[in-house]
Amino acid sequence: MVVGFKNRYLVLEVFLDPNGDLKGDDPIIITQFNVSKAVKDSILLNFGECGLASSLRSFQVKYVNPITKLCIVRASREEYQKVWSAITMVRSIGNCPVIFNLLDLSGSIKACKNAALKCDELKFEQYKLVVGARLSADITQQMQNCLDKIKVLEH
Amino acid sequence: MGFFDLNIPHLDSSLSDKTAFKARRTKLVIKAMELGYTGIAYNRTIKGVMSDNDRCAISLLTLSSLLKLAPSLSSSVGLHRDFLGVPRASPFRQYTRLTVCVESQSQAQALNSGNPILKTYDLVAVRALNQTVFDQACEKLEVDIIAIDFSEKLPFRLKLPMVKAAIARGVYFEITYSDLISDVQTRRQMISNAKLLVDWTQGKNLILSSAALSVNDIRGPNDVANLSSLLGLSRERAKAAISKNCRTLVAKSLRKKQFFKEAIRVEVISAGGQLDSTKSLSGDWLKWDPISSGEGDLLLEDMAKSFSASSEASKTVKAIDFTSVIDSMPSLGFQVKALISQTEAVPQPPDVGKTLLAATEVVEVSAAAGGQPEQLERLDIVLRPDQTSFNGSLSHQSSGFVNTGNLNSASDAKRAFTNSEEIRTPTTTSKVEEETKSGSDVKLFCNVTEKYDLELQKCVCSRESHIVPENEDVTFGASTRDLELAASCDAVSKRDLPMLSEDVGLPVPMNEDSKSTNKFDVVLGFATDGVSMEVDTQNQDDRSFAFSGAAPHEPFAEREQFQEPGMDVALLSDRLPTQESYFDQMIISDSSAANHESVVGAMDKQRHSEADTESHNPTLVQCISGNTSCLCVVILSIATIFILSLLHSDIVLHCCFICFCCSPFPLLFPLPLPS
Numbered sequence: 000m001v002v003g004f005k006n007r008y009l010v011l012e013v014f015l016d017p018n019g020d021l022k023g024d025d026p027i028i029i030t031q032f033n034v035s036k037a038v039k040d041s042i043l044l045n046f047g048e049c050g051l052a053s054s055l056r057s058f059q060v061k062y063v064n065p066i067t068k069l070c071i072v073r074a075s076r077e078e079y080q081k082v083w084s085a086i087t088m089v090r091s092i093g094n095c096p097v098i099f100n101l102l103d104l105s106g107s108i109k110a111c112k113n114a115a116l117k118c119d120e121l122k123f124e125q126y127k128l129v130v131g132a133r134l135s136a137d138i139t140q141q142m143q144n145c146l147d148k149i150k151v152l153e154h
Numbered sequence: 000m001g002f003f004d005l006n007i008p009h010l011d012s013s014l015s016d017k018t019a020f021k022a023r024r025t026k027l028v029i030k031a032m033e034l035g036y037t038g039i040a041y042n043r044t045i046k047g048v049m050s051d052n053d054r055c056a057i058s059l060l061t062l063s064s065l066l067k068l069a070p071s072l073s074s075s076v077g078l079h080r081d082f083l084g085v086p087r088a089s090p091f092r093q094y095t096r097l098t099v100c101v102e103s104q105s106q107a108q109a110l111n112s113g114n115p116i117l118k119t120y121d122l123v124a125v126r127a128l129n130q131t132v133f134d135q136a137c138e139k140l141e142v143d144i145i146a147i148d149f150s151e152k153l154p155f156r157l158k159l160p161m162v163k164a165a166i167a168r169g170v171y172f173e174i175t176y177s178d179l180i181s182d183v184q185t186r187r188q189m190i191s192n193a194k195l196l197v198d199w200t201q202g203k204n205l206i207l208s209s210a211a212l213s214v215n216d217i218r219g220p221n222d223v224a225n226l227s228s229l230l231g232l233s234r235e236r237a238k239a240a241i242s243k244n245c246r247t248l249v250a251k252s253l254r255k256k257q258f259f260k261e262a263i264r265v266e267v268i269s270a271g272g273q274l275d276s277t278k279s280l281s282g283d284w285l286k287w288d289p290i291s292s293g294e295g296d297l298l299l300e301d302m303a304k305s306f307s308a309s310s311e312a313s314k315t316v317k318a319i320d321f322t323s324v325i326d327s328m329p330s331l332g333f334q335v336k337a338l339i340s341q342t343e344a345v346p347q348p349p350d351v352g353k354t355l356l357a358a359t360e361v362v363e364v365s366a367a368a369g370g371q372p373e374q375l376e377r378l379d380i381v382l383r384p385d386q387t388s389f390n391g392s393l394s395h396q397s398s399g400f401v402n403t404g405n406l407n408s409a410s411d412a413k414r415a416f417t418n419s420e421e422i423r424t425p426t427t428t429s430k431v432e433e434e435t436k437s438g439s440d441v442k443l444f445c446n447v448t449e450k451y452d453l454e455l456q457k458c459v460c461s462r463e464s465h466i467v468p469e470n471e472d473v474t475f476g477a478s479t480r481d482l483e484l485a486a487s488c489d490a491v492s493k494r495d496l497p498m499l500s501e502d503v504g505l506p507v508p509m510n511e512d513s514k515s516t517n518k519f520d521v522v523l524g525f526a527t528d529g530v531s532m533e534v535d536t537q538n539q540d541d542r543s544f545a546f547s548g549a550a551p552h553e554p555f556a557e558r559e560q561f562q563e564p565g566m567d568v569a570l571l572s573d574r575l576p577t578q579e580s581y582f583d584q585m586i587i588s589d590s591s592a593a594n595h596e597s598v599v600g601a602m603d604k605q606r607h608s609e610a611d612t613e614s615h616n617p618t619l620v621q622c623i624s625g626n627t628s629c630l631c632v633v634i635l636s637i638a639t640i641f642i643l644s645l646l647h648s649d650i651v652l653h654c655c656f657i658c659f660c661c662s663p664f665p666l667l668f669p670l671p672l673p674s
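Protein sequences, first through last, are from chains S and R. Per numbering that gives the first Met the number 0, the first sequence starts with residue 0, numbered consecutively. Per numbering that gives the first Met the number 0, the second sequence starts with residue 0, numbered consecutively.
For the record, the hints were derived by calculation from the structure and aren't laboratory data. Hints are supplied without guarantee of correctness; some may be wrong.
Distance ranges between label pairs, derived from CB positions [claimed, not checked]:
#1 Ala167/R <-> Ile138/S: 52 to 60 Å
#2 Asp198/R <-> Leu116/S: 37 to 45 Å
#3 Pro154/R <-> His154/S: 45 to 53 Å
#4 Lys67/R <-> Arg56/S: 21 to 29 Å
#5 His154/S <-> Lys67/R: 27 to 35 Å
#6 Ser191/R <-> Asp25/S: 36 to 44 Å
#7 Leu116/S <-> Lys118/R: 50 to 58 Å
#8 Gly19/S <-> Ser228/R: 28 to 36 Å
#9 Gln141/S <-> Thr185/R: 46 to 54 Å
#10 Asp20/S <-> Lys152/R: 29 to 37 Å
#11 Lys127/S <-> Leu212/R: 39 to 47 Å
#12 Cys55/R <-> Ser135/S: 47 to 55 Å
#13 Lys127/S <-> Lys203/R: 44 to 52 Å
Every residue, glycine too, gets a C-beta built ideally from N, C-alpha and C.
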């Protein structure tokens, strides 16, 4: 089966409140919804109505991991650079300043899944280092669920 | 290839908010490191006339200050570097930069290379505030970077001939991307202004930097490259603008700073250090890191171990210290310790094996770091005339060995060891020669050689042999030292090098079938080839020379002794499958290397103690002498020696050749079993 439309899958990580302006461990919980909203606002602001409209068709935030702050965004092959620039120019989600950083860019969902699994695992190791003793079984379970979610992602 | 952000604003702050300022800067630097940048430059902006107060007073951040704020920094940085494909071991550089806002011609006059204040900064940039200054900057001023503030309406017009003139001179244009991120209005202005520059330069001589006032404004290198596509820059040029262009810019400006007329390197020698005239200059070259920022270099491994990077080695410009890198390398290969304790033998080969493997890892890592072509060329030029072709090949290897820091650390270790053991070390190059012979492959890394040297010294100590230092050098391939060698040969009765052969001779072994005899013979042929002369070893006669029967002492009188067939057999037993390659190696590589290659190879596979040697030899003799095919083998070996001697036209070789001819004859006659 030949895929009619080509996509690009971006694996990004989010740095929440890099300056430490807000208090708290996790100033905001990122979800597919608020990430999607922030990016769409950025596209609208920078590329206007037509820009948003042409990228809207393939644009989707496929996966978000609130623990490791990893997300997977899909965009069409023609518009992905615009979408990527818009994502880079996102300054905040809600009232929390953020920085998006691209980790991997791939053309197929399969390659994306592999990269995302690797990134997620490595980032979780990093998270465990930072959190130290406060790691709870609940978080670990949540993490496992997220990893399973990656494995069943579809284009 | 590393990523650089050459504009991290360093604001002049009053004393009151110094801590806040420092905290902000530290956070920025941490974020830059985490995002994968390998070098940053602190940018100080001044306006008007320069005074003596404007000398560089920017303090470079140390590891401890960074770690205080982010203890898990090293793992995070390593993680991101892996994602980006940046080698973990490459140091994080900190440079200093000055941006001068110039309004008039007279102020512009101060911007020349003779200005002492400018010399205190690594990079110099000019920001023109009107048209005449801009034209002057493009055509005449000796600066590294032309910085233009695109966020407001430009006070001058960009003209194509000016831009072209600047590019021809090697001046870089800078575009700061934080304007794109911070504010919507500035975004508009900035894109319309900068697009013209991008169109005209096509990314050539263009660098992208952040000018980030707070940590919220900094972005990762790939993201920045993508942002610049909004300005019309193509993907490859964009990536180059944030990596390759920055690197050449930094290398160029550092070279201007450190070199006199771009050819002679000016270094600071500490008052206490003496110029070691015996030490060849090539050693210095190999330690040179063209874009080192001196104390600013931060190493990931050091962060991990949370101690600051020490660079006591070089008395000159502080280069990278890779001791920690080497230490942190997993020790692949075999356990040398047991071998050492049992045999008291030279541990070099196994150690070499270990360090060789470790070195390969380091090299692989460093090779990925992006070559330093200018360094390579210079290394070739410097080293070739100094040394023989063999060493030339070594220099090739070492020049290919990008992380010069390895040498540095190795030589540190060597120096330290030397001090403690009070052994006069031969010159660096000769050391290198020595090591190389032990390093099995053609691929020898100086790191390996240095370590070998360490071990060698140890053995020297333990054996208590009166080894005249210069003799050790001689051994391999140094044709000029033949005489010394001959002299020492007679004088010295015990050399530690022979220990090599002893150990090697070990394994002799287990082969007592006639079947294996054949192989032995063949191997013998190969082995004897490899035996090449060079080994400046006086073998403990019984063993090895048992074969040759003929007065081993006669050959001793000659320069070279060749390793015994005992060794060869050992080789054989373990290297049967690799005979051909071994043979090739011997022919191709210098004869000096060949012998030890075989030795190393054998060592690599054996763990036998030297005590067995004696008992093994008789059996070996029996095997060998029984077979007539050894004649063919002998002929083959003679041919090889002949070829090698032709290649080198060395007296050494010729003598070996003669010795060798003498020795095999006894093989033809069955020797009585000494049992």
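| field | Structure versus earlier hints, numbers of those that do not hold, lowest first | value | Result: hints 4, 5, 9, 11 break, sorted rising.
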